[in-house]
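Peer 1: Here is how the chains run, residue by residue.
Number of protein chains: 4
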Amino acid sequence: MTHNVAILGASGYTGAELIRLIAGHPNIEIAALSADRKAGQSMAGVFPHLRHMDLPTLVTIGDIDFSGIDLCFCALPHKTSQEVIAALPRDLKIVDLSADFRLSDPAEYQKWYGNPHAAVDLQAEAVYGLTEFYRDDIAAARLVAGTGCNAATGQFALGPLIGAGVIDLDEIIMDLKCGVSGAGRSLKENLLHAELSEGYNAYSVGGVHRHLGEFDQEFAKIAGRPVHVQFTPHLIPANRGILATVYVKGDAQVIHDTFTAAYADEPFICVLPMGDTPSSHHVRGSNFVHIGVVPDRIAGRTIVVACLDNLTKGSSGQALQNANLMLGENETEGLMMAPLFP
Amino acid sequence: MTHNVAILGASGYTGAELIRLIAGHPNIEIAALSADRKAGQSMAGVFPHLRHMDLPTLVTIGDIDFSGIDLCFCALPHKTSQEVIAALPRDLKIVDLSADFRLSDPAEYQKWYGNPHAAVDLQAEAVYGLTEFYRDDIAAARLVAGTGCNAATGQFALGPLIGAGVIDLDEIIMDLKCGVSGAGRSLKENLLHAELSEGYNAYSVGGVHRHLGEFDQEFAKIAGRPVHVQFTPHLIPANRGILATVYVKGDAQVIHDTFTAAYADEPFICVLPMGDTPSSHHVRGSNFVHIGVVPDRIAGRTIVVACLDNLTKGSSGQALQNANLMLGENETEGLMMAPLFP
Amino acid sequence: MTHNVAILGASGYTGAELIRLIAGHPNIEIAALSADRKAGQSMAGVFPHLRHMDLPTLVTIGDIDFSGIDLCFCALPHKTSQEVIAALPRDLKIVDLSADFRLSDPAEYQKWYGNPHAAVDLQAEAVYGLTEFYRDDIAAARLVAGTGCNAATGQFALGPLIGAGVIDLDEIIMDLKCGVSGAGRSLKENLLHAELSEGYNAYSVGGVHRHLGEFDQEFAKIAGRPVHVQFTPHLIPANRGILATVYVKGDAQVIHDTFTAAYADEPFICVLPMGDTPSSHHVRGSNFVHIGVVPDRIAGRTIVVACLDNLTKGSSGQALQNANLMLGENETEGLMMAPLFP
Amino acid sequence: MTHNVAILGASGYTGAELIRLIAGHPNIEIAALSADRKAGQSMAGVFPHLRHMDLPTLVTIGDIDFSGIDLCFCALPHKTSQEVIAALPRDLKIVDLSADFRLSDPAEYQKWYGNPHAAVDLQAEAVYGLTEFYRDDIAAARLVAGTGCNAATGQFALGPLIGAGVIDLDEIIMDLKCGVSGAGRSLKENLLHAELSEGYNAYSVGGVHRHLGEFDQEFAKIAGRPVHVQFTPHLIPANRGILATVYVKGDAQVIHDTFTAAYADEPFICVLPMGDTPSSHHVRGSNFVHIGVVPDRIAGRTIVVACLDNLTKGSSGQALQNANLMLGENETEGLMMAPLFP
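Protein chains in written order, with my numbering: chain A, 1 to 342; chain B, 1 to 342; chain C, 1 to 342; chain D, 1 to 342.
Source of the hints: derived by calculation from the structure; they are not laboratory data. Glycine residues also receive a C-beta, built at the ideal position from the N, C-alpha and C atoms. Treat the hints with care, since some could be wrong.
As the list claims (entries may be wrong) - Within a straight-line C-alpha distance of at most 35 Å, the following computed DSBU-like cross-link-like pairs (lysine-lysine) qualify:
#, chain 1, residue 1, chain 2, residue 2
1, D, Lys188, B, Lys111
2, B, Lys38, D, Lys111
3, C, Lys38, A, Lys111
4, C, Lys111, B, Lys249
5, B, Lys111, D, Lys38
6, A, Lys38, C, Lys111
7, D, Lys38, B, Lys79
8, C, Lys249, B, Lys111
9, C, Lys188, A, Lys111
To be verified - Beta-carbon label-pair distances, calculated as ranges:
#, chain 1, residue 1, chain 2, residue 2, range
10, A, Asp91, B, Ala39, 57 to 65 Å
11, B, Asp54, A, Gly275, 20 to 28 Å
12, D, Arg297, A, Pro106, 15 to 23 Å
13, B, Asp54, A, Asp170, 40 to 48 Å
14, A, Asn27, B, Ser67, 34 to 42 Å
15, A, His78, B, Gly328, 50 to 58 Å
16, D, Val208, B, Asp137, 55 to 63 Å
17, D, Asp170, B, Thr2, 55 to 63 Å
18, A, His78, D, Val208, 39 to 47 Å
19, A, Asp170, D, Val208, 22 to 30 Å
20, B, Leu187, D, Gly114, 21 to 29 Å
Using the sequences and the hints given, assemble the complete structure.
Peer 2: And the structure:
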């Protein structure tokens, strides 16, 4: 049985990545693509790498007839997304890739994003889209909120450890390195090749990155008490990839065992042998997560390194994984392609 | 029906690329993997990006039982390949990715490669593996010689034009730009990141690159007379991709029409609208070829730009495409994945 | 004796490069820096790599008192430059880095740039700034027009050959590869890291690049007859560098001898031994030009490869070299720093 | 007065960087260059970017007459260096760039490097080469041990804080990102462009990196008690640059004040305004260090980010700075060039 989907915001990187993935899915058909400012253009013009595919012409959201759509992916900017989704049919299955429905507390949303939420009822309805942690809820959900790509990486590295109580909750430091596509297809000076290539820098230093809202919310839920991590992201001269180096206090073997048990049946999560650490090269373009554990020379301290592709597992791959669950498809359908290396 | 294949030389880039592609093929099973110097190791150790796959441990070629193998991919270095293939069962279907069986004339082989050929009878038997030009021969072949990656790009840009007699055969200049993976996983100073990143240079200047042997052989066959092109490759700081800028004397519209007609039914070749030119970004990781045609400001001169991924369409994708034909599979099976962008 | 200079348009890459170079010049003092939209900001804010220098705060052009200025560098956008320079004191020495005064014929200017020239008298006054070819004129000039960076590269590769009559003037093809900083600090989608890194493409194909106006003008002057070259630039994933591969009909030894004689006394031009070709790695950040000559396998054809750094010798280094002449300084002062490698 | 210097190991990156820097020094002459395996070659062949310089031909160390040499730079591999230096004249001034004389305790040396030290007397004589911390000792020294490039970066970020007692000595985590040239010009698979470009990874995880020996030694000296930091380096796809993100417990304002006071008179160290953080782009090719301080959202925690160019301030620039002191030259001579950006 074929499911018809629409993708709103198809002219951005997460939109293009969704199309790339769906191209390999046997049971999903792309019925409509929107991009308000590029309405009327062909996808071959906007993303020439999709030139070989037979895709609908870009239209405005208003021009889409949602009656035949089984599920809608929303790859719109933050804030726009909540307004658009509020106006969509209330029985339409939706996977949102923006930040708009990640935080369930309106006050927290306003604290991190600066504006009051325009669709508080939907905020309450939305299920947090970290598949491995909310699988059953997602399968039953109508509206799923895709997670932040950094937030996903950090949760894969910390969720099971916090849940199992094997690390000191007050001493967690996450130093994260990410590629530039996470910033989207936006015209900013610091995203130019000439400004980024051959250099790297920290940004949002000091605990001001918005994905901390997700860490605070999710880790508190798991721990049953507030957990505040330190989190410093760095921009790396590469297009894809997130690598989180997490410094925790806890026993490395216990930590490794905890991961091994927690992720034993997960199709996309590879726990590396004790002492090995992953590389962003080895997950590029795939939906896999690689996690490594190493004891530090200082007794009682452990380094956890987790790594994924921000556009795939961190965003569009996660979205398709969730859509598979919502549509009754096999969770891994269209997502088992190997990484591209070199 | 499942076909069992072996891959010899699985520790190089073309071997890894074959495995990546076959991972998405429903009817091909990898039964054996060889890498003489790394025999005994797991593929996860040699190529951690394939860690999620259940693959045979690397063995020596001598340890492979070929009786259950339907087809063997040879991704070995030049010269080694001819010796190994000469010793394989004579009824085994083989797709060779090395340079050893590309030239059918032993004298030409020796001229370009410097040594006498060690398996002249197989050299005579081998079919040249440019699928779009030798489809029927390949389907019936036992031994297929994968083409040079530069040679494939240049032939897509010139073959139909030479065949149709629409360009001046004595005035062809091909300026080619290629990524570094074409040089393989070899430890050479000029392939180091610190030596290559942020810079670029011509190499094999003056008509000494070995792929000229293929151009000479194939273009003479098409034209029925010798055709000598000028050919200068350049090493670009990128991992994948070949982009050939070809300067010809002929009418741009006639040339564009010739391509459109020649490639009308080809699943992997996209002729761009007149005036557009391709980018290596837009074919990366895929089996597609993009070809553009632009008239120069000087009347009677035309620029043709052709572009593909050297590891996919230029090598392992081409090999799988040929294997599909030899095994009676649909030619495009396992090869329709979209390019990875960004 | 210290010369006071002003730099107009100091917030772009060529402005920053001028400051970097002048930092090493013993006799030039930067007295004023303008950047209309960033007036009031410090250079440390606009270009943090210049943070250690004691530089004037950015002001508007109108706020500069030119009475104490000995020479003014104009690093403004095309079209703006001619308007600004027309309003500057007529006795002020000026080195313009824009395209506005490169073409001396108003009709040619309008043909390539699309608008009538706003300062035709200055256009007539300006001296073309290719130092090695116009040294005496530049030393005596008040207004010098910096050349296009591609145009400079091509002229180093062809000027002496055309002048000596050793190549066929109707059969010149220049295939050029350039880094992205030549496009300036402009917010365009194709200049984003995510769009450019790991890929490459031709642009302005077919003889429409504006630097052809300079080739046409200068080569006709040298040859005493029209010379139309074919010229295709390519954008390469690197920040700096231009490498021109030029295909000519002529004898390689004669060509090499011609270069050796023409550039014998030039401090910045290295003619490589016959058969060697240059790399953009080896001129980065310097004012040097490397030129190589190789005979093709086809008799009577030769490949010339010329290479320089677009921001240094192609633009700001050239500008300082010219300023040195205009100010009576040693031509090489501040410009002999070695390239940065790796 | 001109000083004659020899550079041993001139065919590596630090050797080439020394030559680049000395090219801009008015009072230092390069009298001899050695490279045992490349003896007899010209530097233009080994490093074509130095082609414009008039440099001595490479010789073996044994062929150098040290009687006219005022100072010798040793850019040899670890272990080789101690053997070579032991055999040099005992009155020759030496700046060693290897790891051989960084650790003063023979047991510590053996612990980190695996072999007993071959020149324990020289180990005792050598002065640790972190100029800003050992200025007077270096000026009086005969043998100076260049620091590790990572070690230098970390000490700039922590030395004054440990000295002033303003951070918790038991809770220091340093997450470091470095470019690939720090690994030298060595033929290793993971240093290939195809393996490194577009990806990144941690290495030497868990407290096994040799530069920890330097941290332990120096921080204990400053603190008067053992200080063990956690230290994880990461390999970034860039050629130059080290950026250390250091997580400490202490008050951000006090920390910023401490840096401001400690580095007030340092010509090469820029303490950024509170809240700003540096980028490796902005120190490339220069001898500058940029240091930023940001308070974390968690009270009492602070992030310090320090950044320098590994080949310049981290190695060859530091070496020249020390040589200036040893030769009675101005400490900054030849070292004030601005960074190369972009």
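Peer 1: Tell me the numbers of any earlier hints that the structure contravenes, in ascending order.
Peer 2: none
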